[in-house]
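Chemist: Those protein sequence lines, which keep their order, are chains Y and W. Per my numbering, residue 2 is the first one in the first sequence, and the count goes up by one each step. Per my numbering, residue 378 is the first one in the second sequence, and the count goes up by one each step.
Because the hints were derived from the structure by calculation, they are not lab data. Glycine included, every Cβ here is placed at the ideal spot set by N, Cα and C. Incorrect hints may have been included.
[As the list claims (entries may be wrong)] These stretches of chain Y come out as covered by chain W in the derived footprint (C-beta under 8 Å, 3 or more residues): (1) 94 to 100; (2) 137 to 148; (3) 208 to 221; (4) 250 to 259; (5) 280 to 287.
[Said to hold, decoys possible] For each label pair, taking beta carbons as the anchor points, the in silico distance ranges come out as: (6) W/R453 <-> Y/F193: 52 to 62 Å; (7) Y/K356 <-> W/D436: 38 to 48 Å; (8) Y/G108 <-> W/F546: 22 to 32 Å; (9) Y/K84 <-> W/D494: 56 to 66 Å; (10) Y/N51 <-> W/D509: 53 to 63 Å; (11) W/S562 <-> Y/L224: 29 to 39 Å; (12) W/N508 <-> Y/P27: 50 to 60 Å; (13) Y/L224 <-> W/G561: 34 to 44 Å; (14) W/N508 <-> Y/F193: 23 to 33 Å; (15) Y/Y221 <-> W/D570: 23 to 33 Å; (16) W/R382 <-> Y/Q346: 48 to 58 Å; (17) W/R382 <-> Y/E220: 49 to 59 Å; (18) W/E483 <-> Y/T60: 42 to 52 Å; (19) Y/G157 <-> W/D570: 49 to 59 Å.
[Stated by the list, open to error] Take a look, some chain W residues computed to stay more than 10 Å from chain Y by CB distance: (20) G381; (21) T392; (22) V437; (23) P444; (24) I452; (25) A513; (26) A532; (27) A568; (28) V573; (29) A584; (30) T621.
Residues per chain, in single letters:
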Amino acid sequence: MNYNVILVDADDSTLNHTVNIFKRFPNFTLVSSYREVKSAIGQSSVFDPNLFLIDIENTDNRNMLPAFADIFPQAIVIGIMSKWDADITFESIRGGAIGCILKPFSGEDLTDAIKLFSRGVRNTIPSSCSFFSAKGRSGKTTLIANLALSIVQQTGDLVAIIDADLQFSDMAIFFDVEPVTTIVEATRDVKFLSPLRLNPYFLPVADNIQLLCGPRRLEYSELVDVESLTAVVRMAQTLFHYVLIDLPSGLSPFSTSMCEVADTVFICGMLNTNFEVKHIKRTLPLFEKLERDGKKLNIVFSRADDKQKLEIEKQLGHKVAAVLPNEFLMVSAANSGNIKNIMNQKNLLAEKINKLAEGIINHAD
Amino acid sequence: MAQGRSSIVITVFSTTSGIGKTLVATNLAAGLALDGFAVCLIDLDLQYGDVANYLNLQDVPTIADIPTSIPANKIRNYISEYRYGNVAFSVIPAPYQIANSYNVDERTVLSVINHLDYFNFIIVDTKSEFNDMNMAVMDVSTIINFLCVADFVPAIKNLKNGYEAILRFGYDVNKVRPVLNRSGSQTLIDAEDVEVVLGKNFYHRLANDFKAASDSIHSGCPIVLSNSNSKLKKDIYDLVGLYTNRPKKAPVEKATGNGLISFFKRLWSR
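Looking at chain W on its own, in the form it has when it is part of the complex:
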C-alpha cells in the first residue's frame, strides 16, 4: 500500500538483469533532481548493486550501515549526496561486502523508506528476482518501472512470465509501467511483438545507445546530466517528465538543481 506517505516511490524492476536497471534508476534520480525535485536513490541489489559504481561513490554509508530501528531524525546521517555541477540527489548504496547484504531485512528497508518521506521521489534499484525484499518494496511503491528489452527470446519469455506474475500478485495494472530499453537495437524481434506478448503497450521507450550508456557509466555521470547529444538522454529525460507531468520541452543544458524553483520545491517537500 502506498498510503500514509507523500513521497513518490518508483521501483525499477525487471526479470532480466544486465538490461539497464541501474542506468535507468540513476538517470531517473538525476533527471528528477535536474528538474528540481528532492530525490533519494536506494540500491536494493544487495549483493551486487552497482549504483555506487555508476555514480563513482566510494566509502559512503550503505544500506547495511543503517541500524534496524533507526529513529527518523537520524536517517540523514546515513544518506550521501551525489553532486554533478549544480544538481544533487541523495543516495543509499548497496553494501560493499557481500556478507553485509545478509544484515539488511525488509522491515528496516520499509522503515527507511518511511523516514525518507521528506523527499519528493524515492527511486529504488532492485535485483532481478522476486524475493521478499523486492515484493515488500513493490508493495509500497507508487510506480513499478518494469524494464524490458526486445533482443533475446529467452529474456522476453521471462519478461512475460514476470509481468503476468506481478499482475497475479495483485498489483494494479496502472502501477506497473513496462518501459522498453535498448529500443531500436538491431535484433530480429519487433518491440510491437513484445507488446503483444506482454498484452500491454510500452509506457515509454529508451533508445539503444551502447556508447552513450557506457561512457556515462565509466565517467560516473548520469547521461541526463552529461553534455551527450544521445537520443537516449532525451528519452530518459522524457521518462522523467512522464513521472512529473512536466510539459514537454527539451532538457535544460545548464543544471538548475539548486535554483529558486528547486528551493521552493524542497521547502514544499519538507
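In isolation and in its complexed conformation, chain Y is listed as follows:
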C-alpha cells in the first residue's frame, strides 16, 4: 500500500530524518509537513493524506488528535515520541492514534508499526483485566484462556495474555506452546523497549491471541520486579486491544499492582468447601476500594450454579458477575492442550464465558 504522509513535528531534525528514510521506501511519500498542529488540521486535506505522523510529546498536538480522526477518517495516525511515556501514549490512543513509535524511526519501523497497530479491528479503547484469586485452583487460568478466545470470536480484536503467575505459570500448557521469550526477558529489557520492540516477546498462541509466557524456570521468578512488570503491562496496553493478566494467588505487591494497573479486576474462586466465599469476603474491602475509585469489579465462582450464586451474593454482600459450571470437557481439553475447541462447542460454560466476554467488550466500547 502507498502512503501519503503528513508529518506534524516542530523539530526540524525529524523532518530531515523522515525525508531521508523515505528515499529508500518508495511506498511512503512525504506530501507535507507542519510545525504546528493547527496548520496541519486546516491545510492537509488538499494532499489527500492517509498517514499522519504526529509528535505526541506536544500537548497541543495530543489535544487535536480527535479532530484528525473526525476530519480524516480514512487516514491513520501514529504518534511519534523521543522517549517512551505510557501516559502520553494512552492519551494519544484514546484520542485516535493507532499506536506510537519512538524517534528516530526507520522505514522498517514505520512499516512494522502500521502492520502491527492495524491488526484486528481497533474500534475500542484499550482495555485490560487482572485476575485475582485468594487461593490456587480457582479456575482462573481456564477462565482467562477462554475469555481471550471469546473476545477474539466476538470482535476480531487483538488480545494479549500476560502470564504473571510467576512461580506456577501454566498458560503455555493451556495453549500447548513452548515458551521462547518470557516475562523474565521482557521485564529485564523493558527500559530499552517500545511497543514495537515489545511485540516479539509475545508468542502467538491462537488467531489474534498472543501470550507473554511465565518464567521457564521457577527460580527465574525472582528476576521479575513489580516496577518492570508494571512497565511491561502498561506498554502492552498500548499494543493490544485487550490485555488479560493472570496473577499468582493471594495478595502480594505483584497482585495489588497488577489490579491497580487494570481497568477491570476479576476475583476468581472455586466453590469447594464454601470457605472460599469466606476468604473472598475478607478480601473484598480491598477491592471495593478500587471499585469506588472507578474500576470494574467482577466476582466469578467456578463449580457453582445459579442457585448457589444467590447464596454467595448474600454472603458476600456483593453482586457476583458469573458462576461457571464444572465442565469436565474443560479439564480434558486443558490436559490435551486443546482448549481452543471448547469455545466452539455448545455448552453452558462457553455460554457463560461468552457473556462475561461481552461485558468486557461493552466496557471497552
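For chain Y, the structure is supplied; the task is to place chain W on it using the hints.
Modeler: Just chain W now, with coordinates in the frame of chain Y:
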C-alpha cells in the same frame, strides 16, 4: 538444619493449592495424636489459611498474636487445643484478618517452632508458594510432605518444577516425600506416569474420596477421628504410621489420646 531440636517437624507443602494440604495436615496431626503423640499443628498459609475452618476453631489465638520475642515459657499461652473425644492436639491457626498476616515473619515462626520442642511432632500447613516463610520452615523441617495430584496436566508440570526446585535448593531427597492425594480419581493420567515425570515414586498414596473429605471438613472433625469407613481414612492413618514406624494395624476405633501410653509418651516428650 534440623539439629538442636528433638521434635519432628513435618511441613505439608505443594506447588498447587486446593489439592488437600490442609486436609492432610489436620489429619496428620489428628492421627499422630490418636497414636498418643504430643502434636502441635501450625497454619502458615497466613492470608487464607483454613486450619481453623477445618477444625471449627473460633476466637482462639493465632500465629499473629504471638509476640516477636516471646520467651519459651510463655508460648503455651498462645496455643489452643483441638479435642475430639479423648483425642487432643495443639493448634496455632493463621490470622483471621489478612492485615495481621503481614505482622508474622520467619524469625518469629522459627523461634515459635524452637519453643514448641516439647511436642513430639510439629505439623506445618503452608501456602503453595516458594516464599521466605516456607523456605525457612522447610529448612528446619525433618520431613517435607510434598503433596501431589495426578488429575491435571498444568498442575503436574508445576509439581515437577516444584519438586526439582526443592532438590536444587539442596534439600535431601530423603527429606522430601511426594505423597499422592486423590489417588484413583477418574482422570486420564496415570499416577505411574506422574512418578516418571517426578523421577521418584510416591512415598504414599491417599485414596480419592470427595464425600468423606467434604463431610470431614464440614463437620470440623478430621477423617482419622471420625467413624467413616472411607479408604481415605485408612490411607491417611497409614501415612501417620509411616512417620511413626508404627507396626501395620487397623486404626483403633476408640480414641486413646489420653490413655496410659499417651501419658508416658507425653511425659517422655517433656
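Chemist: Now, for every hint given, state plainly whether the structure supports it.
Modeler: These are the hints, each one checked on the structure:
{"no.": "1", "hint": "94 to 100", "in the structure": "violated (count 0)"}
{"no.": "2", "hint": "137 to 148", "in the structure": "holds (count 4)"}
{"no.": "3", "hint": "208 to 221", "in the structure": "holds (count 3)"}
{"no.": "4", "hint": "250 to 259", "in the structure": "holds (count 3)"}
{"no.": "5", "hint": "280 to 287", "in the structure": "holds (count 4)"}
{"no.": "6", "hint": "W/R453 <-> Y/F193: 52 to 62 Å", "in the structure": "58 Å, holds"}
{"no.": "7", "hint": "Y/K356 <-> W/D436: 38 to 48 Å", "in the structure": "41 Å, holds"}
{"no.": "8", "hint": "Y/G108 <-> W/F546: 22 to 32 Å", "in the structure": "50 Å, violated"}
{"no.": "9", "hint": "Y/K84 <-> W/D494: 56 to 66 Å", "in the structure": "59 Å, holds"}
{"no.": "10", "hint": "Y/N51 <-> W/D509: 53 to 63 Å", "in the structure": "56 Å, holds"}
{"no.": "11", "hint": "W/S562 <-> Y/L224: 29 to 39 Å", "in the structure": "36 Å, holds"}
{"no.": "12", "hint": "W/N508 <-> Y/P27: 50 to 60 Å", "in the structure": "58 Å, holds"}
{"no.": "13", "hint": "Y/L224 <-> W/G561: 34 to 44 Å", "in the structure": "40 Å, holds"}
{"no.": "14", "hint": "W/N508 <-> Y/F193: 23 to 33 Å", "in the structure": "31 Å, holds"}
{"no.": "15", "hint": "Y/Y221 <-> W/D570: 23 to 33 Å", "in the structure": "26 Å, holds"}
{"no.": "16", "hint": "W/R382 <-> Y/Q346: 48 to 58 Å", "in the structure": "56 Å, holds"}
{"no.": "17", "hint": "W/R382 <-> Y/E220: 49 to 59 Å", "in the structure": "28 Å, violated"}
{"no.": "18", "hint": "W/E483 <-> Y/T60: 42 to 52 Å", "in the structure": "50 Å, holds"}
{"no.": "19", "hint": "Y/G157 <-> W/D570: 49 to 59 Å", "in the structure": "40 Å, violated"}
{"no.": "20", "hint": "G381", "in the structure": "29 Å, holds"}
{"no.": "21", "hint": "T392", "in the structure": "6 Å, violated"}
{"no.": "22", "hint": "V437", "in the structure": "17 Å, holds"}
{"no.": "23", "hint": "P444", "in the structure": "24 Å, holds"}
{"no.": "24", "hint": "I452", "in the structure": "27 Å, holds"}
{"no.": "25", "hint": "A513", "in the structure": "16 Å, holds"}
{"no.": "26", "hint": "A532", "in the structure": "8 Å, violated"}
{"no.": "27", "hint": "A568", "in the structure": "15 Å, holds"}
{"no.": "28", "hint": "V573", "in the structure": "16 Å, holds"}
{"no.": "29", "hint": "A584", "in the structure": "18 Å, holds"}
{"no.": "30", "hint": "T621", "in the structure": "28 Å, holds"}
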